[in-house]
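4 protein chains.
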Amino acid sequence: MLRLSRFLPSAFKRSFDLKESLWSGSLTFQQAVSTSAANLDENLSGKRYASYTVFKGKAALSIHPILPSFSKLESGGSRVSRNGSVMLTFFPAVGQRKYDYTKKQLFALSPTEVGSLISLGPAESCEFFHDPSMKSSNEGMVKKSLSITPLGSDSGYFVNITVVNSVEKTNDRLSVPVTKAEFSVMRTALSFALPHIMGWDQALTNHHPSPAISKPRVERPHPDSEWER
Amino acid sequence: MLRLSRFLPSAFKRSFDLKESLWSGSLTFQQAVSTSAANLDENLSGKRYASYTVFKGKAALSIHPILPSFSKLESGGSRVSRNGSVMLTFFPAVGQRKYDYTKKQLFALSPTEVGSLISLGPAESCEFFHDPSMKSSNEGMVKKSLSITPLGSDSGYFVNITVVNSVEKTNDRLSVPVTKAEFSVMRTALSFALPHIMGWDQALTNHHPSPAISKPRVERPHPDSEWER
Amino acid sequence: MLRLSRFLPSAFKRSFDLKESLWSGSLTFQQAVSTSAANLDENLSGKRYASYTVFKGKAALSIHPILPSFSKLESGGSRVSRNGSVMLTFFPAVGQRKYDYTKKQLFALSPTEVGSLISLGPAESCEFFHDPSMKSSNEGMVKKSLSITPLGSDSGYFVNITVVNSVEKTNDRLSVPVTKAEFSVMRTALSFALPHIMGWDQALTNHHPSPAISKPRVERPHPDSEWER
Amino acid sequence: MLRLSRFLPSAFKRSFDLKESLWSGSLTFQQAVSTSAANLDENLSGKRYASYTVFKGKAALSIHPILPSFSKLESGGSRVSRNGSVMLTFFPAVGQRKYDYTKKQLFALSPTEVGSLISLGPAESCEFFHDPSMKSSNEGMVKKSLSITPLGSDSGYFVNITVVNSVEKTNDRLSVPVTKAEFSVMRTALSFALPHIMGWDQALTNHHPSPAISKPRVERPHPDSEWER
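Protein chains in written order, with our numbering: chain A, 1 to 229; chain B, 1 to 229; chain C, 1 to 229; chain D, 1 to 229.
Keep in mind the hints are simulated off the structure, nothing from the lab.
Don't take every hint at face value.
[To be verified] With beta-carbon atoms standing in for the labels, derived distance ranges:
no., chain 1, residue 1, chain 2, residue 2, range
1, D, 74, B, 96, 33 to 43 Å
2, A, 151, D, 123, 24 to 34 Å
3, C, 151, D, 46, 51 to 61 Å
4, C, 122, B, 125, 22 to 32 Å
5, B, 171, D, 152, 55 to 65 Å
6, C, 121, A, 153, 51 to 61 Å
7, A, 95, D, 122, 43 to 53 Å
8, B, 124, D, 151, 30 to 40 Å
None of the values given here were measured: they were computed from a predicted structure.
Backbone N, C-alpha and C define an ideal beta-carbon position, used for all residues, glycine too.
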């Protein structure tokens, strides 16, 4: 029998999470402001932020979704110009229940990487490699990898990030054990997020004002028809 | 072959459920008003309530979702300041199809506890412990536990709440058998609710007025980029 | 290898389905109007209808979702006063690809019956019993049952309705074989519909105008708190 | 252990995908405009486009959802007059990471075909046949088939399209290997899309202005009741 909360009662855990997520949430926001300056201010107004964070002995892991960007088309419609992602933020513990957010490491999952994570079997692993400087003169200088490996006995996964910086000669590694229950939250949240970070929820919303204006069906092929050619 | 409705035809069961849920729904609401006073009235206007209730021989169990709270940020955006939850309400039977709602016991599932419940295998159990007075001078006075244990043969679960009050010297236990079909409703409703109680549905909705105002892409890193540092 | 469309190419099947669903859709609507008279007209304006229909040799089966009803509360909020359902409509074939919609038989699935259907294993069956006259003087006069039984080899299910009318001395039975692919559509559509027919989608939508009006957190218990008593 | 990004780092892959999807997205749009002329312009304004594309050695495969059409009813409501679909677009490689979009082949999945795809077991296959000229004088001239067959070892699927044109004496075949992670994205996106292309999301949205106008319940049967006859 799973006894999730035996040693750390969940009432306590919850209030603790609350405080921490307030704190990390506000940091995330201020950082966004500090790096993005005035030109994004108008876009940020009305924006809502939400994350899911697990705090463990040596590090914490927070995940939050990032919306896709759309570009206006001449027709007045728009299309996805940049996929959204799911950002993983790792930050190390520097004491009992104290975490240093300034030493955070980021890893943004693409839609396909999200697909890999949510289809992971109980005994399966996956690993992703990113190079932040890909295609620039610094290509290969920094190598990031994210691996997810089973804890064993269907009890969850280790989520590990490694960042090798060959310029600064640093090699950072943070590792967070994620319980089966926590991974179930991540899997459910990521499955929910996936169509949204791909923009499918918006493509599947009817933005037409009203069906009243629909014309009689014409016989020539519909632009969405596979018979057009 | 499952014969769910053999002894209690579901047409009957439905009308019965209807009456009961009306009754319990209105009680829930009045209680909310009586304890929350005037300062929440404005928030409650427009709010919609929905639950799922199973009535069994010795007790009934009702579940309903609770929205997260958002706090305004200086930028005009907002972030989750308090996660939502899924509230379980147990109330004992005091006669044939009569339940005493004043003797109810509450248990609020956090997102991670919801994750544990929806990933429960047919033969698995889970148990959660809450202390309502955690971190106050009454810490440890009241202990609540919720356990979910299989009925056997993949036919559902027992959902049990135990509340031990060492001040009032009481020890209450309510137990509700939940069929496989009813648990399937709970699992589906909770999986649906999970991203919402975490605020992810709101974080994934485009609150930007229009893509028309999007500026030409700039080369400096996007604030949501993992390459920012 | 499944060859779903070998004998009835799906391009053909689709245009056929289209015509049929247009026809059945308009009948459904007209019937709603004829039995509901003027007092519902205002509610029907703006309402959208959608169904999923499979046409087989001896009968057709169409399913469509029905929204829950909400009742206004004194606070200005509202609560579910009547659960929604998923309506199954069977109608017999009266010739090649001709169906007699006037001989239709209806069966409305409650949330728990939907839960039973979507959790059905490949070799499992379920059966539901309804009495349309339950609790009236005609109780027991008409007995409806719906059974879902596997076709075998994980290839789908038979969906059968039996209606025994002991007044009119009739015993109607309609049976529709549903392929694995068609049942997958039903399972997906019903899983999507379930939180909606329970009203949870509306309970989980933030109807508050803006987070700007949120007050400083007060120390007395939140009305939604499990610690309230 | 899966090493998805070992040989083609995903940071690189993502920027590559971005460029490609921009390009294919704009082509898709322009084509829609060119074939649909002015009468659809008003409908296209406000429409949003999103797709999911995998680029492989010999061909690429892009999928995007298409909304259902609704027809206005006399009551003011509306019903699905044409189901949506999920369009698969194949285009061949004509060099390293160069694809010829003018040689594309289209295949539109109906709801039931989507149901078949999302319920496919790891070792199962499916095949669909379409005739673009069904019921016209050109019936049988062009035969399209789509097959999905396992790559083996639960590592994904081959998605193949064959188009035989007996007038032009052509026989085109494009084949795209899809990894388990990519198929997981497709399965998740298609499961999300399915209720939308059937119009169920719109049928399950409350378009009633307010519950305040709800009348006292009348005793005659509700038009949505199964007891109406």
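Checked hints:
Between residue 74/D and residue 96/B the Cβ separation comes to about 49 Å, which falls outside the hinted range of 33 to 43 Å. With their beta carbons about 28 Å apart, residue 151/A and residue 123/D fall inside the hinted range of 24 to 34 Å. Checked against the hint of 51 to 61 Å, the C-beta distance between residue 151/C and residue 46/D comes to roughly 45 Å, which is inconsistent with it. Residue 122/C and residue 125/B have their C-beta atoms about 26 Å apart, which keeps the hinted 22 to 32 Å range intact.
Take residue 171/B and residue 152/D: their Cβ atoms lie about 58 Å apart, and the range 55 to 65 Å holds. Checking the proposed 51 to 61 Å range against residue 121/C and residue 153/A shows it is violated: the Cβ atoms sit about 25 Å from each other. One distance hint, 43 to 53 Å for the beta-carbon pair residue 95/A and residue 122/D, holds here, with the actual separation near 46 Å. Remark: the range hint 30 to 40 Å for residue 124/B to residue 151/D is upheld by a beta-carbon distance near 32 Å.
In the structure shown, a violation is registered for the earlier hints numbered 1, 3 and 6, in ascending order.
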